[in-house]
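Participant: Quick note: the sequence shown, position 220, residue 220 per the numbering used here, numbers continuous.
If you're looking for bench data, these hints aren't it; they were derived computationally from the structure. The reader is advised that the hints may include incorrect statements.
[Stated by the list, open to error] Below are the DSSO-like pairs computed for lysine-lysine, each with C-alpha atoms no more than 27 Å apart in a straight line:
(1) LYS96 to LYS147
(2) LYS96 to LYS79
(3) LYS8 to LYS132
(4) LYS96 to LYS81
(5) LYS82 to LYS132
(6) LYS79 to LYS3
(7) LYS132 to LYS96
(8) LYS96 to LYS3
(9) LYS129 to LYS8
(10) LYS82 to LYS128
(11) LYS313 to LYS82
(12) LYS128 to LYS79
(13) LYS3 to LYS81
(14) LYS81 to LYS297
(15) LYS313 to LYS297
(16) LYS82 to LYS3
(17) LYS3 to LYS147
(18) LYS128 to LYS147
(19) LYS129 to LYS96
(20) LYS8 to LYS79
Note that the structure is predicted; figures quoted are calculated from it, not measured.
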Amino acid sequence: MDKLRLGKTDLWVSRTAFGALPLQRTPMDEAVRILRAAYRGGINFFDTANSYSDSEEKIGRALSEVRHEIVIATKSGGKDKKTVAAHLDNSLRMLKTDYIDIYQFHNAPEVFSPDDPDGPFAAVLEGKKAGKIRHIGITTHRIPVAKEAIRSGYFETLQFPFSYLATDAEVELARLCEEADIGFIAMKGLAGGLLTNAAACRAYIRQFPNVVPIWGIQHMSELEEWLALEETEPVLTPELQAVIDADRKELTGGFCRGCGYCMPCPVGIEINFAARMNRLLRRSPYQRYMTEAYYQKMHRIDNCLHCNQCSAKCPYGLDTPALLQEMLADYDRFYAEHHGEAAR
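All chains, please: the whole structure from these sequences, using the hints.
Facilitator: Printed below as a string of structure tokens:
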């Protein structure tokens, strides 16, 4: 499998990497089977996080025997030294290893100071000194934070959402990372599941020689699709460009990426699901959303307090309450049409 040098880490990682967030929804035995198949297929880079429930444990069970042949990245969202240190030690236990290749600040709201003795950076620096961490990275959804991280010189990798819906600002981040020799790890290469043409997604990202995407994998069929694309090596043909152009026309602008950083909602609205409903209805089998259970989930929007906590936490600056009302109205029209009667 094709590999690239991940910036100044000097780690050589497979250009098809394994994003293990969805794997928390896969039963243990099947997850182990998928992970081992990924390794046999040539994938050597696996990204997870302390907060992804049992994702780390699954990687540890599946791949501890080949630990020195793979690259593991994990994360902590802790905001102080004590919390991050505890997360690091727990990750080491779950992953069945004595070191993490890339330890990342998870969805960092800012670039933490390495000079704060009680801050999160202090735990990471101590972990690196003790040999528990090889390289330090950061993940964020905020372009100003990403740019500050690049300028700071503190980090060897940056993880940021990147797909063929990328704006000029996001493409600039990839360029800035290349100039600074910082590894660029692309999350959400499928835009949270809204992009369905894997060949187009892969062909677009392969235009950037310093970008490694971590594809979220939950099922063996998904892994097999990515491995098959390694064999066929699709390039950006006019046909694939047409797919990209159509999706950009429909999806760019104020759409919810489903990152979930707006959660939790004080009245129980599943915002990262509900705020994408119009796309889900038209880009996946809609029948699953026509049940009474989903109807009730969507109508939690009626209880919105307009407290704007979700908008304040949205890294993309969306007017989330207004977007939810728009999604509910569209859902009710769709529900009525497909049930042959007005939605209740």
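Participant: Take the hints in turn and mark each one as holding or not.
Facilitator: Now the hints, each set against the structure:
Using a Cα cut-off of 27 Å, the hinted pair LYS96 and LYS147 is violated, with the two alpha carbons roughly 34 Å apart. Straight-line distance between C-alpha atoms of LYS96 and LYS79 comes to about 25 Å, which keeps the hinted pair within the 27 Å bound. At most 27 Å may separate the alpha-carbon atoms for a hinted pair to count; LYS8 and LYS132 meet this at roughly 18 Å. Between the alpha carbons of LYS96 and LYS81 the distance comes to roughly 23 Å, so the proposed pair stays at or under 27 Å and holds.
Taking the CA atoms of LYS82 and LYS132, the gap is about 16 Å. The hint holds against a cut of 27 Å. Taken as a hint, the LYS79 and LYS3 pair is broken in the structure, with Cα atoms around 34 Å apart against an allowance of 27 Å. Annotation: proposed proximity of LYS132 to LYS96 holds, straight-line Cα distance about 12 Å (limit 27 Å). Using a Cα cut-off of 27 Å, the hinted pair LYS96 and LYS3 holds, with the two alpha carbons roughly 25 Å apart.
This hinted pair checks out: LYS129 and LYS8 have alpha carbons roughly 18 Å apart, not beyond 27 Å. For the hint linking LYS82 to LYS128, the alpha-carbon distance of about 15 Å falls within 27 Å, and the restraint holds. Of the supplied pair hints, the one linking LYS313 and LYS82 holds, its CA atoms being roughly 24 Å apart against a limit of 27 Å. Among the hinted pairs, LYS128 with LYS79 is consistent with the structure: their alpha-carbon atoms are about 18 Å apart, no more than 27 Å.
Only pairs whose Cα atoms come within 27 Å are accepted, and LYS3 paired with LYS81 is rejected, the gap being roughly 34 Å. Distance hint between LYS81 and LYS297 is unfulfilled; the C-alpha atoms sit about 38 Å from each other, more than 27 Å. Between LYS313 and LYS297 the CA atoms are separated by roughly 22 Å; this keeps the pair inside 27 Å, and the hint holds. For the given pair, LYS82 sits about 36 Å from LYS3 by alpha-carbon distance, which is inconsistent with the 27 Å threshold.
Between LYS3 and LYS147 the alpha-carbon distance is near 26 Å, which keeps this suggested pair within the 27 Å criterion. Taking the CA atoms of LYS128 and LYS147, the gap is near 24 Å; set against the 27 Å cutoff, the hint holds. The suggested pairing of LYS129 with LYS96 holds, with an alpha-carbon distance near 20 Å, which does not exceed 27 Å. Restraint check for LYS8 and LYS79: the C-alpha separation of about 26 Å stays at or below 27 Å, so the hint holds.
Going down the numbered hints, you'll see the structure goes against 1, 6, 13, 14 and 16, while the others check out.
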